[in-house]
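If you read the sequences in order, they're chains A and B.
The opening position of the first sequence corresponds to residue 1 in full-length UniProt numbering, with each subsequent residue numbered one higher.
The opening position of the second sequence corresponds to residue 1 in full-length UniProt numbering, with each subsequent residue numbered one higher.
There may be inaccurate statements among the hints.
To be verified - List time: in silico SDA-like cross-link candidates among lysine to any residue, alpha-carbon distance up to 20 Å:
{"id": "1", "chain 1": "A", "residue 1": "K165", "chain 2": "B", "residue 2": "L137"}
{"id": "2", "chain 1": "A", "residue 1": "K208", "chain 2": "A", "residue 2": "L191"}
{"id": "3", "chain 1": "A", "residue 1": "K70", "chain 2": "B", "residue 2": "D31"}
Claimed, not checked - Derived CB-CB ranges, DEER-like:
{"id": "4", "chain 1": "B", "residue 1": "F178", "chain 2": "A", "residue 2": "A207", "range": "45 to 55 Å"}
{"id": "5", "chain 1": "B", "residue 1": "E122", "chain 2": "A", "residue 2": "K145", "range": "51 to 61 Å"}
{"id": "6", "chain 1": "B", "residue 1": "S52", "chain 2": "A", "residue 2": "N123", "range": "22 to 32 Å"}
{"id": "7", "chain 1": "B", "residue 1": "E122", "chain 2": "A", "residue 2": "D58", "range": "47 to 57 Å"}
Derived from the structure by calculation, the hints contain no laboratory data.
Where is the CB? At the ideal position from N, CA and C, for every residue including glycine.
2 protein chains.
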Amino acid sequence: MILCDIGNSFLHFYYRGRIWKEDKHALTPKDPKETIIFISVNKDSTNALLRSHNRCFDLCDYLSLDTTYKGLGVDRVAACMAINDGVIVDAGSAITIDVMHQGIHLGGFIMPGISQYRKMFENIAVLDQDMNFAVDLYAFPQNTKDAISYGMLKSIVLMLQTTSKNKRIHFTGGDGKFLSHFFKNCFYDDLLVFKGMQKAIEINFTAKGIYL
Amino acid sequence: MILCDIGNSFLHFYYRGRIWKEDKHALTPKDPKETIIFISVNKDSTNALLRSHNRCFDLCDYLSLDTTYKGLGVDRVAACMAINDGVIVDAGSAITIDVMHQGIHLGGFIMPGISQYRKMFENIAVLDQDMNFAVDLYAFPQNTKDAISYGMLKSIVLMLQTTSKNKRIHFTGGDGKFLSHFFKNCFYDDLLVFKGMQKAIEINFTAKGIYL
């Protein structure tokens, strides 16, 4: 059983404790005897996976979350299923922030991913600069590079501080580890989505004696 | 005397109490007897102005501010010159935030403009939505449109709240009026940059009996 989380930029795989990502245009062959159990937010990449491997199983319909949010991406549902109480931050192409309280999803919001901020300033010549990821967030910037880095990083950190209050933050996604450095008592777990998928498999199949 | 603030998107004019903006490709003829006194952060637009009108005067070298910030745009310098104590927020293609204390510039930072946030999500199909500018900033969003609107607006508002503390915020720029609605006891002044330019003209010329 191989797990696959199909995002907007990459396909993320989990197999026997190992995780890696692949581009939809360069999918490697997998053991034909294994079933790839996937969730997806991207049709093109899903089709690429289905073409590359015969035994695929779409887990989307088996994920469920107690929420009133309309249109929550399946990757966010899966990550939230893995956490009973806390703030889940998935920092990829976009940064999604979701709040779980006693197993109930209270809502969430979306900010641009760190790489997207960089792109935003590409059209303004004087602001088209690399970020300073080590900028001091507690002193007013004194040059352009620090000014755009501070504007990006501090706004993300403030939003997470305000949202989390007394809840723990669980970071995941490509930039999750970096963002976790700005918080004490937080977790970084690059398996969060896969843990939610495993929980859905356990509830819907394994507990009923069905092995995919 | 016509004042002109040349930004990255438009040329902004001030003449006899009236302000308006023009595109660099569609500059209207001005009274040839009037001098256009300008500051600029954009070379192409400056050249367009110089081609369109014979009597132009570059005020950039006459602006000055007590600061250690390197590379502060002349429009930001002008706006800061108009305020002795307070936070100056110029919300255009980018949002610039500067802090003035007893006539001294303490530093500043830059966030993407509201229209830039919208563009950031254009590459992510499911997030390519219009903003809800009336989203509730004090309840967790329950759908994608609110989620991206909340992520944008609340992050800007939090940054301004954290920066201003007990200082007054002075908003200017195209989106300044909209952002000012989120704050009590703030000012909106679309003449801020021009007021700084007038101050520089007063100090450097008028006070010495020189009339441009």
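Report task. Measure nothing beyond the straight line between the CA atoms of K70(A) and D31(B); if it is 20 Å or shorter, mark the hint as holding. Result -> 57 Å, violated
Query raised in the report: Straight-line Cα separation of K165(A) and L137(B) no greater than 20 Å?
Result: Holds, because 16 Å separates the two Cα atoms, which is no more than 20 Å.
Query raised in the report: Keeping to a limit of 20 Å between CA atoms, is the pair of K208(A) and L191(A) held or broken?
Result: 24 Å, violated
Report task. Note whether the CB distance of E122(B) and K145(A) lies within 51 to 61 Å or breaks it. Result -> For K145(A) against E122(B), whose Cβ atoms are near 25 Å apart, the range 51 to 61 Å is violated.
Query raised in the report: Falls inside 47 to 57 Å, the C-beta gap from E122(B) to D58(A)?
Result: Given about 28 Å between the Cβ atoms, the range is violated.
Query raised in the report: Between F178(B) and A207(A), does the beta-carbon spacing fit 45 to 55 Å?
Result: 52 Å, holds
Requested in this report: Please test the hint of 22 to 32 Å on the beta carbon pair from S52(B) and N123(A).
Outcome: Check passed, 24 Å falls within 22 to 32 Å.
When the structure is compared with the earlier hints, violations turn up for hints 2, 3, 5 and 7 and for no others.
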